[in-house]
Structures are given as C-alpha cells and as structure tokens.
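2 protein chains.
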Amino acid sequence: MEGVDHLAHERNKSEFDVDAMKIVWAGSPHAFDVSDRISKLVASDPGFRKDNRSTLSRKELFKNTLRKAAYAWKTIVDLRLSEEEAAKLRFYVDEPAFTDLHWGMFIPAIKGQGTEEQQQKWLPLAYKMQIIGCYAQTELGHGSNVQGLETTATFDPQTDEFIIHSPTLTSSKWWPGGLGKVATHAIAYARLIVGGREHGVNGFIVQLRSLEDHSPLLGITVGDIGMKFGNGAYNTMDNGVLRFDHVRIPRNQMLMRVSQVTCEGKYKQSDVPRQLVYGTMVYVRQTIVADASCALSRAVCIATRYSAVRRQFGSQNGGPETQVIDYKTQQSRLFPLLASAYAFRFIGEWLKWLYADVTQRLQANDFSTLPEAHACTAGLKSLTTTATADGIEECRKLCGGHGYLCSSGLPELFAVYVPACTYEGDNTVLLLQVARFLMKTVSQLGSSKKPVGTIAYMTRVEHLMQCRCGVQRGFAELSVDLVEAAVAHCQLIVVSKFIEKLQQEIPGKGVKQQLEVLCNIYALFLLHKHQGDFLSTGCITPKHAALANDELRSLYSQVRPNAIALVDAFNYTDHYLGSILGCYDGNVYPKLYEAAWKDPLNESVVPDGYHQYIRPLLKQEIRTARL
Amino acid sequence: MEGVDHLAHERNKSEFDVDAMKIVWAGSPHAFDVSDRISKLVASDPGFRKDNRSTLSRKELFKNTLRKAAYAWKTIVDLRLSEEEAAKLRFYVDEPAFTDLHWGMFIPAIKGQGTEEQQQKWLPLAYKMQIIGCYAQTELGHGSNVQGLETTATFDPQTDEFIIHSPTLTSSKWWPGGLGKVATHAIAYARLIVGGREHGVNGFIVQLRSLEDHSPLLGITVGDIGMKFGNGAYNTMDNGVLRFDHVRIPRNQMLMRVSQVTCEGKYKQSDVPRQLVYGTMVYVRQTIVADASCALSRAVCIATRYSAVRRQFGSQNGGPETQVIDYKTQQSRLFPLLASAYAFRFIGEWLKWLYADVTQRLQANDFSTLPEAHACTAGLKSLTTTATADGIEECRKLCGGHGYLCSSGLPELFAVYVPACTYEGDNTVLLLQVARFLMKTVSQLGSSKKPVGTIAYMTRVEHLMQCRCGVQRGFAELSVDLVEAAVAHCQLIVVSKFIEKLQQEIPGKGVKQQLEVLCNIYALFLLHKHQGDFLSTGCITPKHAALANDELRSLYSQVRPNAIALVDAFNYTDHYLGSILGCYDGNVYPKLYEAAWKDPLNESVVPDGYHQYIRPLLKQEIRTARL
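Chains as they are written, first to last, in my numbering: chain A, 1 to 627; chain B, 1 to 627.
Treat each hint with caution, since some may be false.
When the alpha-carbon atoms are kept at most 30 angstroms apart in a straight line, the in silico DSS-like pairs for lysine-lysine are as follows [stated by the list, open to error]: (1) A:K63 - B:K591; (2) A:K328 - B:K529; (3) B:K529 - A:K543; (4) A:K63 - B:K50; (5) B:K397 - B:K22; (6) B:K63 - A:K59.
A few chain B positions that, by computed beta-carbon distances, are all more than 10 angstroms from chain A [as the list claims (entries may be wrong)]: (7) D36; (8) S82; (9) W103; (10) T262; (11) S270; (12) W353; (13) N427.
To be clear, the hints were calculated from the coordinates, so they are not data collected in a lab.
In this text, all values refer to a predicted model and were calculated from it rather than measured experimentally.
Each residue gets a CB set at the ideal place from its N, CA and C atoms; glycine is no exception.
Okay, chain A solo, but in the shape it has when bound:
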C-alpha cells in the first residue's frame, strides 16, 4: 500500500466507521484480529507468492502446490499456531491442495464415523500428517446418488478381512481431491457385503501407497484425472481416479461407529443414531455457505474498486471521463452483489449457530430440528453457491475487457469457485430435497405437528388446508415449479436473517445505517427479479412493483459514496485478492502494464516458431515448409 492512494477521494466520501464495519464483517473483534494477523503474515511471506500461477505448466503448478502445502505446515509448526490460526493460514494461502481434504474430510469422517478405538488409532497419525488421507466416495458413473455406488467391500471370515473391489469401469473412484498423487490413505465408500448379503454403503480406511517410497500398494491403480477448468484454479489439486483389484484390508478398518461387522461375519447396527450423518452434512454445507460470502465479496471488492478507477464516456470539455461506478447500469448490477455478499455473510453466521444448536440437541437425543436444519443448509448451500458463481462472472464482466486477463484475478476466482455448485450435493438435487421437505410440511399443516423455525411462516397459510387442492400431477411432473418454490423459501430465510441481524445492537458510526441500506437493496432486488411470482400470486400490485423499483434506484444512490469503504471493510490484502484491478491503492494501469511483460511469450522479442512458421508465410515459401 506504498505510494499514492488513487482511491483516497473515494474513501474520504464514506459516511460510516470502516473499522467498526470490519469487526461486523469478521464476526467479532477476536475473529478480526486472527484474520488480520494471519492474512498479513501470508501476504508478507514470499513463500506464499501466487501471482505466477496462471503461466505454470501442470507439473510445475502441482509441484509448487506441494511446496506451499509443506511450507504452510512448517509455518504452522514453527510458529506454534493454534488450530484456528492454522485453518486461517490455509485459507489465506488460497490454493486448493490435498491438505484441504486431509483436514476437511478425512479427519472429520474418522471422527464422525469411526469408533473410539479407531479414532485413537488413526487420528494422532493424521494430526501429525504421518499419514495423508483423502475421501473417496464418488465414482466415474455415480455422483449424487450415493446408494448407486458400485465399489464392493466383501467380508472374508477366513482371514477376517474385507476385499475391496471395483467390479466395473464405472465403479472407478473419480474426483476425490488428494487421491491422484498424494494421499497415503483413503476413506473409501463401498457396498458392504457380508455372507452374500448387501448392507448398503459404508466407509473403509484403505491404505493406498507405501509409506516408504509412495508407490501404490498391490491391487491399487491410481492416478490424476486430468486438467480442470481454468488457469491455476483446481489444477493445483490432484483429483484422482482409483481402481481396486481385490484389495484386502483388516476388518477393523471398516468405520464402525454406526454399524459393525463381527469377526464371525455378523452385521449389526449400533445404537448410535444414523441421523449423525446428517449432522456432518449440516456442518460441511454450513462452511460452504461461509465460503460463498468470502468468494463473492472478493469479486465484488475487485469490481467495485476497478469501477471507481475506470472511466468511460461523458467527458465534458476535455475533462476526465465519468467513473463507470457512476453509471446506473453499473450500479444496478454491482450493488445487489455487494448486498448479497453481506447477506451471505450473515446467513453463514446464523448457520454456524444453527449447527451448534443441532449438535447440542443431537447429543441430547433430540432429532426434532434436524430435518429443518438439513433442508435449510441444503437449500442455502444451493442458493448461495449459485448466486456466488454467477456473481463472480458478473463482476468479471463489470470489469470490461481487462476482467478477462488473468491478472484481474477474476477468471481464476470463477474457475476455482464453480465446483461448489456441484460438490457436496448438486444444487438442483438439493433444491428438490428442500421442495420435498416443504411439501411434507404443507401436508402436515392440519396435524398437531406445528411448523417451527424457518418454516414457522407456514402456519399463516394453514387456511390453505381448508381449500380444495387442485393439484393433479405428481412431484416429478411439477419439479420445475417446486424448485422455484424452494428457491423462494430459501430467499425468505436469507432476508429474514438479515433483518434479524439488524435488530441487534451494532456499534460504530453509521454502520447499522449502511447495513440497512444493503438489506433493503437485497430484498428489493429479489422482489424486482422475481416480480412475476409476486404479481401472479397477487402479493403485490404493478404499482408496488414500480414503487419498489423507484426505491431501489434511490438506495443505489445512497450506497454510491460508501461503496469503496464497504468493500474495504472486508479487510482483504492485495495478496489475497490477487487482482491488479482490485488493488487497494487503485493504481491499476501501471501495474497492468508491468505485469504484461512477465508473460513467458515476452521472454524473447521474436517468438519461438518465427523461423519455422511465420517467415515461410511472409517469404511465400509455405509450400515447401516443413510444418
């Protein structure tokens, strides 16, 4: 942040206490302090440099990620970082790596599905990284439908072992991160077969590679599945393919918290409730919602700052052109995304609370709120990731041509983010789950089961139950409409929780006022976007719709002077943003110009290939050229 601040005039315009807003964004003074400290630590350490990612070949890129992962671990160990600080460090390193799966899936799976004994054996090894784990669930032919997995785990009572096998090509494990080249162990999911009988899909700890020389063990075929979308992005990750050829593992490597197989070959369920699995899902999806606000706010920060730097048209008497952020067309696309970033931040916070609440209840054997919590997180995961993926791309377009350069940071941010729409539940499949939950709730409206929590509003439509139902078709036939209803339900949750947030005390000059403006933008923008639904159901009149539109326009004008400060409040370092267009000081053009010369093509003035392929054209010698 040395030199002139080209956005100082924008920062001076702001009407609220930015430092106070930073605390609101971070969630607490403590959370702000940890984020601020660790993000600066990462930003200032050249070992975590990432600006060259887009030009590296796959092998160079991957090797560099291995180095960074090791370096991050060394930093964590050397500085004796806490678990919270270590997680933040991995976050700010901002590069998908095998460690994400090790810490984020392998360890939690053992914790959630392993017995006490299994946890005692495996967790210390994993915590010290003496083994590196991945999570091998999806297969080449099977994604969302876990019950359709084909890999088998057949119990052999003779040797007290399971035989893990891939019976078909489509049963090859496919996609697991960290599997391709790194993981020494996997939690592999397979159909459990005991005494010729199937008992559904279960998880098994399978060693994949030698701990001495890293070569795959007997019966294991493993590799990387190849290049994925984007420059850098998820190509730093070794998403893998894995085939088992009758691989034997000891019986005690089946994760046995929920169901067991005895050495006599008896299958039994434990008294641990199966619903625990849903508790884990709630956890994982809750983190995805939190990540959505990070990714979207990052894109919005870049687009907002650059929109204040960039000028186009509107020059008066040879004066400077108009800042593009002053155009209503720019504001109407950018400011709803800014509002969404804040909305998603708060809904993520609320989901964190919801998860804590559900966990507490589960421990007390209270499963009553689990279906609602499950529907809620499934729906919000779908809603926020779809909106974020679209929002990042919209931010890229809002940066005009320069947004297409890798140095804008937006292409990689998009490419690295979009899988969130598919992993941990395809977004459409999730909405159908929400729809099913809503239909069930509606069907129980007359009964003694009162809807609570996020579906409490349905009590108000109880009179519906007195009306004759005109529905003539089944769920599948109406699934498109049901998905739309599920989206509306989730939007309602986001808006309600944003409003609830504003009912709390929020310190800092002007902070609450700014959030109120953003909340109104978020709500009215949705109303405008979906005005067809509101109009066709008679919830609003065309006059209301027009008034909402007028109000939206006025709200955009209120945000305008605070826009830069509102993205400053995210407190992102230039390193984390990874964008020349979004750099804090707004000194965009000299930085773009300098960065260009670092492209490998500029290593020589005359390009490699000139003599073979350009000169023969110019010299009319193409017919005899060797091509």
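Model the placement of chain B on the given structure of chain A, informed by the hints.
This is chain B only, laid out in the frame that chain A set:
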C-alpha cells in the same frame, strides 16, 4: 464413429428427417456440403489435433498455434480452396489465431476505409500474406469510447509524414489480437492532428516489425499482454501491447477514403458518406450473431448427448438408473437452450439478409434503413452473446461434475466465447444505444416519419402520444429500465423472425413440426422468464402465465424423443465438438478413463516433488526440510 453406437436407441426414437434438418441448419444444400466436406477434412488431419491444448504451457501452446496457422494456409494453397472453403477451414480448425484479425479486421478495414490506390497497394500483399496485419484500436485506458483514444498522429508537412505517438501510459494500445508477437503491420487508430488542430480519430497503416528478421522497428515497443481466462482458449492468441515513440510513417498510409490530408497540410472530408463505417459495424456484428448460434449449439449438443448417457437415481429393482435427460428439471434448463440455438441460427440468417439489403441501399445513397439496421444488429449482438455465454456455462453445469473437466470441452468453450460479450461493443453499452434509438422512435411517433421494419409494431402504440407523459427523469436516471426495454425489443425481433421462418416452405418429414415446437418453447420460455413485465403491464393475466407454463411442460415432453436427433442435425464432428461427454457414439466412460492417463502428472507414478515436499511431512522432518 467406429464401434457401438450407445445412443442408437435415442436416434431411433426421433420423429423427423434428420438429414433434411441438417440442410435447414446449414442454410442451404450448398452450405451443408461445404461445411460437411471441410469439417471432415479438418477432423481427419492429425495436423489439426487439438485435444492436448489444455496441458501445454503458454509458449508451447502459442508455437503450436503458429504451426497450425501455417499448416492451414498450406492446406488452403495446396488444395486450392475457394475463399468460402478457406473461411470454413479456419472455422473448423477452431483455434483463435492471428489470422482471424488479418482476414477479419485488417483486410476489411483497408477495403472499407482505404482509397482505391491504397487498396491496390496493400491488399495484394495481405491476400498473399506477404504482410500480416492486425487492428490496433483499443488502448489500456480506453475501450468502448473510441473518441477517447489518446494516441496521436501529427502531420509533419516538412517531411510529408505523420508522427504516431503514445503520449501517456494509458494510451498504450492494448488487446489487439495478433499484435503481441506476429503482425508486421497494424491499422492503428489515432487522433489526427494537422496544423495544431484536431480532426477526430482516424486509421493509419503502420509497419511494426522488420520483414527481414521480425524485430520491432525503431520507436515501437510491442509485446504480449499476458494470460487470459481459461485453458488453451484465447491464450493461443497474442493479444498485444504497443507503444509508439514518435514513429514516422508516410502521409499516404493514413486511410483516406472518408477524409484526407493533403501534402500542404489541408484536412478535407471526401464525399464518401461517413455512414459507411456503420455498414461495416453491421457486417461484423452480424457475423458475431452467426457465431453465437455455433457456440451455443455446440454446448447444447454436448450437454444433450451426455444427459442421455448419464444416469442418476430412480433405479427400480436394481435396474438401470434414470437418464438425466428424463428429469423435468434437466429439460427445463436444457431445452430452452436447444430452442435458443435454433432461434439464433435463424436470426443470424436474417441479419445476413439485412446486411445485404443495407449494403445495396448504401450503394444507392439510401441511408434511411441504416439506423434501424444498426440498432438491430447492436441489440441482437448483445442479446445473443449474453445468452450464449450464460448458456454454455449452464450446459457445463448440466453435465454435473464431469463438465468441470477440460476433456468435456465446455470449460474451454466458455472461456474462448465470453469475450464476445465485451468485444465489438460492450453488451450493456450496445443496449443503451438500442434504448436511445427506441426513445427517438417513440418521440417521432406523432410526426410524418413512420416506423418501419423491426420497429413497425410501434405504430400500434401511437395512441401513447395522445396520453400525457409522466416521465420526470432523464435517460441516465432511467437507464436500467431502458436497458430492460431494449432487451424486450430485441427478443421480439428474434421471436418474430423465428415465426416468419416457419411461414416459409420447409421440406423434410416432420422438420417443420419440430421447429414449431422449438419456436414455441423459445417464446414461452421468455414469457415465463419475464412474466413480471407481462403481468405488470397487464399484457397477460396470472391465468395466462399459468397456462403458458403448462404448455411449456407439454412442449418439453414433445422435444424429449427428438432431442438427440435435433443436436445431430448440427452435423458436428467429434473433432470440432472437442468433448468426450459429447462424442457421437455416447461411449463416454471408457474415453474419460483413457484420457485421464494422458495428463502430464501421470507421466510418473510417484510425483515430482515427493522427496522434497511430501516425504518430509510423512517422516516428521518438516522443520529441517528445505522448502
């Protein structure tokens, strides 16, 4: 297409003559023949292989593109291809290259803006590729607003030369394709200054590099601007940066068809109408609309075929799962895009006619239809490219996780396509131009000037003029609403022209019926998407909206059995599609599995970096490791 056709059962279901539809799609039997012949020629020549593009480093990728461009030219020369065939060959080679700009911008600019004499001098050199040209308009600080360009061309009467100069950093030419590493010449746009007076922006032919050793000429600083979005994609192109330091060129290298500078330093306008420039714009944008239908249909073809291959959920008694194309949620996202691909094809055809019509009129000094044609192409360029970019990404998501793999072809298709939303007029800026044209038309409704062509429908709203206008705000304030109006206007054109197409005779069993279904889907899908506008203006009632929705559902069922045949009608080779998920025979899984092993990471079983960065973790030696 060897081996088993896994989609044969789908093809057998179709209810229309696919070969006849292929002719309709191509435009004519002749067009079909050329496309079919050239696409197969390219597909069968290993010199045009493209499946390794995503793993190449920037330098390897670029060098390979140079080779292909030379090889394509050699093929054109060797086979004595016609101009039409040569253009098709470049199209099916399917790799952005400097030749696109040479043939598509440099030569047309000389034709359009050069005098007879200039054309006679430069065109023969360009046609034989003795020189290679690019089109240097945009600057680091200036895109859409051409009048804001900063580069200067100052006439020096002493030497009868222009001095081309970049006075600021932001005046650096930035983005021109082919400029970075290849072009020997540029059409450079600069503010013309004669005798101290400015005369607006003009084009100049400037030599950039030596024709002997390719080194930049004195005063020229030139290079590549760096990596852009995506794997392969536009990174095959050397988009460039260019600075002029008082570069001198002879006076006769100013393009002088429209305005001239004499050797005495007198500036004059010729009697050639300036409107010709708009004629060229109409041409370029018309080709962009045609390209939109190609790109969208390609993505739709991939997603449709894969949706028929992929199965998920719904297995009955252990039988196969349901094809995802049978889910209504899939159909409701996919089939409107299929309909859009056809709609854009026909609007592209119509625009081609419109351009021919305008050209004819211009030659007869009739400028009356130019404003409408200009608004029309501007709006349709914006509409079709936005819908296509979004549609490609939607198709990628419709392919689930595997759509994220480069081998699906969709990531690169998206990344290579999206710049179309920005180049040749930013899509929002273009819609504002359409809005301005619409406002002008409305303002003239009472006058003797009757709206014709695509705005003829406005005569029906003439009574509006008798009403009191309640508008209280200016154009800029209402620009967001005006943009929405412009979109609606353009949608109306697309729907009308689709309907007009269906009023023609269309041979082939069932062909017209299929097109009618698609046309209805396209129109009703738009009605559903924008039902808020229709409802709030009272054009339809909620009951109509519900009926439209019912009808849409029924239309999807009618398309379903014909879906594969409707994408077969595009007649794309597997080479052109460049997608394992979209391959003709539907044999997806073995091909995905095989392709994975070709990734460079799989060259060794144990990855490069294991000893330095993985083993120290596993062996607990990280604190002493060199990282």
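Checked hints:
Between the alpha carbons of K63 (chain A) and K591 (chain B) the distance comes to roughly 27 angstroms, so the proposed pair stays at or under 30 angstroms and holds. The suggested pairing of K328 (chain A) with K529 (chain B) holds, with an alpha-carbon distance near 23 angstroms, which does not exceed 30 angstroms. Among the hinted pairs, K529 (chain B) with K543 (chain A) is consistent with the structure: their alpha-carbon atoms are about 20 angstroms apart, no more than 30 angstroms. Only pairs whose Cα atoms come within 30 angstroms are accepted, and K63 (chain A) paired with K50 (chain B) is accepted, the gap being roughly 26 angstroms.
With a C-alpha separation of about 27 angstroms, the suggested pairing of K397 (chain B) with K22 (chain B) holds against the 30 angstroms cut-off. Between K63 (chain B) and K59 (chain A) the CA atoms are separated by roughly 19 angstroms; this keeps the pair inside 30 angstroms, and the hint holds. With 10 angstroms as the threshold on Cβ separation, the claim that D36 (chain B) sits away from chain A holds: the shortest Cβ distance comes to roughly 25 angstroms. Residue placement check: S82 (chain B) keeps its beta carbon more than 10 angstroms from all beta carbons of chain A (closest about 18 angstroms).
Non-interface call for W103 (chain B) relative to chain A: holds, since the shortest CB-CB distance, roughly 13 angstroms, exceeds 10 angstroms. Consistency note on T262 (chain B): stated as away from chain A, and its beta-carbon is indeed over 10 angstroms from all of that chain's, at 27 angstroms minimum. Under the 10 angstroms C-beta cut-off, the non-interface status given to S270 (chain B) relative to chain A holds; the minimum distance is some 27 angstroms. Here W353 (chain B) stays apart from chain A, with its beta-carbon at least about 31 angstroms from theirs, past the 10 angstroms limit.
Against chain A, the non-interface label of N427 (chain B) is violated: not every CB pair exceeds 10 angstroms, the least being about 8 angstroms.
Figure legend: structure checked against the earlier numbered hints; the only hint not met is number 13.
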